[in-house]
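Q: So you can see what is in the structure, the chains are spelled out below.
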Amino acid sequence: MKSILKSKEMSIAAIVIALCITLTFVSPVFLTADNLLDVLKANSVIGILAVGMTLVIITGGIDVSVAAVTSAVCVIIGKLMQVMPDHFSSLLLLFLIAPLLGILLGAINGVLVAKIRIPAIVVTLGMMSIINGLVLYITNGVYLNSTNFPKVFIQFANIKVFGVSVIILIFMAVALFTWYILKYTLIGREVLAIGGNKESALRVGINFDKVQVFVFSYMGLLAGIAAIAQTAYTKSVDPNGMLGLELLVIAGVVLGGANIMGGRGTIMGTVLGVLLLGIVQNGLILAKIDTFWQKVFTGCIILLAVSYDHIQYKRSQEKLAKIEVEA
Amino acid sequence: MKKFLGLLASVVLVISMLAGCVSQESATGGSKGKKEGSGNDKIKIAVVPKLIGIPYFNASEKGVIEAGKELGVDVIYTGPTEADAAQQVKVIEDLISQNVDVIAVAPNDAASLTPVLKKAKDKGIIVMDWDTPADQSLVELSVHQIDDEAYGRHIAKSLIEKMGAEEGEIAILTGGLSAANLNTWIDAAKKELAEKYPGIKLVTDKIATDEKQQVAYQKTLDLVKSYPNLKGIMAFSTPAPLGAAQAIQEKGLQDKIAVVGTALPTDSAPYLEDGSLDVAILWEPDKLGFLTVALAKALAEGKKPENGQDIAKVGKIELWEDGKTVIMGPPTDFTKENAKDFNF
Numbered sequence: 001m002k003s004i005l006k007s008k009e010m011s012i013a014a015i016v017i018a019l020c021i022t023l024t025f026v027s028p029v030f031l032t033a034d035n036l037l038d039v040l041k042a043n044s045v046i047g048i049l050a051v052g053m054t055l056v057i058i059t060g061g062i063d064v065s066v067a068a069v070t071s072a073v074c075v076i077i078g079k080l081m082q083v084m085p086d087h088f089s090s091l092l093l094l095f096l097i098a099p100l101l102g103i104l105l106g107a108i109n110g111v112l113v114a115k116i117r118i119p120a121i122v123v124t125l126g127m128m129s130i131i132n133g134l135v136l137y138i139t140n141g142v143y144l145n146s147t148n149f150p151k152v153f154i155q156f157a158n159i160k161v162f163g164v165s166v167i168i169l170i171f172m173a174v175a176l177f178t179w180y181i182l183k184y185t186l187i188g189r190e191v192l193a194i195g196g197n198k199e200s201a202l203r204v205g206i207n208f209d210k211v212q213v214f215v216f217s218y219m220g221l222l223a224g225i226a227a228i229a230q231t232a233y234t235k236s237v238d239p240n241g242m243l244g245l246e247l248l249v250i251a252g253v254v255l256g257g258a259n260i261m262g263g264r265g266t267i268m269g270t271v272l273g274v275l276l277l278g279i280v281q282n283g284l285i286l287a288k289i290d291t292f293w294q295k296v297f298t299g300c301i302i303l304l305a306v307s308y309d310h311i312q313y314k315r316s317q318e319k320l321a322k323i324e325v326e327a
Numbered sequence: 001m002k003k004f005l006g007l008l009a010s011v012v013l014v015i016s017m018l019a020g021c022v023s024q025e026s027a028t029g030g031s032k033g034k035k036e037g038s039g040n041d042k043i044k045i046a047v048v049p050k051l052i053g054i055p056y057f058n059a060s061e062k063g064v065i066e067a068g069k070e071l072g073v074d075v076i077y078t079g080p081t082e083a084d085a086a087q088q089v090k091v092i093e094d095l096i097s098q099n100v101d102v103i104a105v106a107p108n109d110a111a112s113l114t115p116v117l118k119k120a121k122d123k124g125i126i127v128m129d130w131d132t133p134a135d136q137s138l139v140e141l142s143v144h145q146i147d148d149e150a151y152g153r154h155i156a157k158s159l160i161e162k163m164g165a166e167e168g169e170i171a172i173l174t175g176g177l178s179a180a181n182l183n184t185w186i187d188a189a190k191k192e193l194a195e196k197y198p199g200i201k202l203v204t205d206k207i208a209t210d211e212k213q214q215v216a217y218q219k220t221l222d223l224v225k226s227y228p229n230l231k232g233i234m235a236f237s238t239p240a241p242l243g244a245a246q247a248i249q250e251k252g253l254q255d256k257i258a259v260v261g262t263a264l265p266t267d268s269a270p271y272l273e274d275g276s277l278d279v280a281i282l283w284e285p286d287k288l289g290f291l292t293v294a295l296a297k298a299l300a301e302g303k304k305p306e307n308g309q310d311i312a313k314v315g316k317i318e319l320w321e322d323g324k325t326v327i328m329g330p331p332t333d334f335t336k337e338n339a340k341d342f343n344f
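Sequences listed follow chains A and B, in order.
Here the UniProt record's numbering is used: the first residue of the first sequence is 1, the next is one more, and so on.
Here the UniProt record's numbering is used: the first residue of the second sequence is 1, the next is one more, and so on.
Chain A on its own, in the form it takes in the complex:
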């Protein structure tokens, strides 16, 4: 019990809970299943991307091309859906194509970062620009709406299991699966090992290049899945609709206790970080806070959360050091 209370995620969880309690008093609507599900659904796409970003950030990298990759996949599947027949197999095909496209784009990032050793931020910035340009060139900025999508996709987007939208379920599945990879598979442990101490990890024979290609490709895979979730969420494809989303994704990961320089980060923390961002956004309108003050409040809550988390972390590190000395 004590270890749970002391765990890294606790500080962020405490803030989320404190915020929820406050909002419940401020607005009776907040603590309704309807509202909470809306918040989850609205933040599922960011959540899926943030889960992938956690792995990238743990290894000390960063991927600012996530939003661009997701829009590219959105545009491609959107175009495909215009010509797809209204049949169940179309849906299966989408679930095959979208992740593969994502992996492909992610792998390009990974190979450039690992093999040519260009810093990740440069590679992904370049990638972001290339993709955004191509998307604009191909689509001419034209918005695709749901009138020509296969009916089966709209049905899929409206699926609910016990009132929980399929989009939330995808997010949950992605988070659980990634948590499992990190905790129980060799490659997951290698990611954490590199994050923990790169030099030692290299010395025990972990192939750093392979791990980097893996994390960027995995990020791409999740971007492909996020593209399906995004298209199901808006039931349309807006080529410019995700510009700037990468910042929210990175903010969610960092809020969740990950160290932007690498080394520290958990899936649970990231999920909580994304929720915190979502709840703040939702709560500001429910609490009837004036538009111009909303940004100020968002900033304050983010600063508060990160400092609280960081102070907790520093304290635990100090304790850790002491034990080592004694031993």
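Some hints here could point you the wrong way.
Said to hold, decoys possible - With a straight-line Cα cutoff of 20 angstroms, these simulated SDA-like cross-link-like pairs (lysine to any residue) come out:
hint: 1; chain 1: A; residue 1: K235; chain 2: B; residue 2: Q249
hint: 2; chain 1: B; residue 1: K157; chain 2: B; residue 2: T335
hint: 3; chain 1: A; residue 1: K79; chain 2: B; residue 2: F344
hint: 4; chain 1: B; residue 1: K251; chain 2: A; residue 2: D34
hint: 5; chain 1: B; residue 1: K62; chain 2: A; residue 2: K160
hint: 6; chain 1: A; residue 1: K160; chain 2: B; residue 2: F344
hint: 7; chain 1: B; residue 1: K303; chain 2: B; residue 2: I126
hint: 8; chain 1: B; residue 1: K62; chain 2: A; residue 2: V39
hint: 9; chain 1: B; residue 1: K251; chain 2: A; residue 2: V39
To be verified - Cβ-Cβ distance ranges computed for the label pairs, FRET-style:
hint: 10; chain 1: A; residue 1: V111; chain 2: B; residue 2: K201; range: 56 to 62 angstroms
hint: 11; chain 1: B; residue 1: A83; chain 2: A; residue 2: T24; range: 39 to 45 angstroms
hint: 12; chain 1: B; residue 1: K201; chain 2: A; residue 2: I311; range: 42 to 48 angstroms
Calculated directly from the structure, the hints in this document are not laboratory data.
C-beta atoms are modelled at their ideal positions from N, C-alpha and C, and glycine is treated no differently.
Based on the hints, put chain B in the right spot on chain A.
A: The following block gives chain B in isolation, referenced to the frame of chain A:
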């Protein structure tokens, strides 16, 4: 390793060549209708949008090219690929060196275009603006799609009409808090409400939606939950009405909450269909392009527009007393019935 590097180098070269082709193609892609060779003495008119590649400016491009064909002038429609003032300056520099007769520009930032427009004027090029005003001391004409004040008031009036009641709670969504044109419309709409419909209560200040449909969708969901008595939503900027309508559609509130906004007809068709969006109000961007070229041609021939002048394909225009500001006409209401007739 060497072999790999060689291969890599060649791949990079090929890609950069391809990239070169693409960018060249896109650079010239915007200037359709321009004839080769400068030997002919046709009037050359350059129309510069804020950016190319968004539905709105694609639609006005159609009007510009159509006008070029019908009126027998050479038109160049070209602009930056993003709404960036510096890029727009470069585009205009290029046009000056091409010796065009008229430059009509929709500035991303009026002040930063002043030096380059002055340079154009010094070279004897006629300068005008369209869609968005430039430095008024430099332009011969300023073509506006709409009278901003009347437009805002019209949107407010339409909302009241669609709500079917002259009292109740309403909310306003906007693209961004700092967008000057949106703010002008919103202020006009608010004025109309304050003057004529004192029973209408605005529940909160305008809410920013970052020019994104999904943000407008989320904010509308939050709004309808926090204000259960909400009767109407006015949404400014083209994606905002779509997001608001999507939320209304999903929650099945079509009959309870009226939504009016500034959207393009093809995008809003699915929402107009079931009444989740009651009416989309905008002007016709292709007409605006057509009008710009028609007026530019007249200017190059030394003719000034007149108040109430009837322009073929556009209709009667309004000229303000300053002799510069031209208003294209009243806005167009896109409804369930007519949305299908438009192709932008």
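Q: Does each hint hold? Answer for all of them.
A: To see whether the hints hold, each was checked on the structure:
For the proposed pair K235 (chain A) and Q249 (chain B), the alpha carbon gap of about 12 angstroms is at most 20 angstroms, so the pair holds. With a C-alpha separation of about 15 angstroms, the suggested pair K157 (chain B) and T335 (chain B) falls inside the 20 angstroms cut-off, and the hint holds. Simply put, K79 (chain A) and F344 (chain B) have alpha-carbon atoms about 18 angstroms apart, close enough for the 20 angstroms limit, and the pair holds. The suggested pairing of K251 (chain B) with D34 (chain A) holds, with an alpha-carbon distance near 11 angstroms, which does not exceed 20 angstroms.
With a CA separation close to 43 angstroms, the supplied pair K62 (chain B) and K160 (chain A) exceeds the 20 angstroms bound. Between K160 (chain A) and F344 (chain B) the CA atoms are separated by roughly 34 angstroms; this puts the pair beyond 20 angstroms, and the hint is violated. Between the alpha carbons of K303 (chain B) and I126 (chain B) the distance comes to roughly 12 angstroms, so the proposed pair stays at or under 20 angstroms and holds. With a C-alpha separation of about 41 angstroms, the suggested pairing of K62 (chain B) with V39 (chain A) is violated against the 20 angstroms cut-off.
A threshold of 20 angstroms between alpha carbons decides the hint, and for K251 (chain B) with V39 (chain A) the separation of about 15 angstroms falls inside it, so the pair holds. With their beta carbons about 58 angstroms apart, V111 (chain A) and K201 (chain B) fall inside the hinted range of 56 to 62 angstroms. Taking 39 to 45 angstroms as the suggested C-beta distance range, the pair A83 (chain B) and T24 (chain A) conforms, at roughly 42 angstroms. The given range of 42 to 48 angstroms is respected by K201 (chain B) and I311 (chain A), whose C-beta atoms sit roughly 45 angstroms from each other.
In this structure, the earlier hints numbered 5, 6 and 8 are contradicted, and the remaining ones agree with it.
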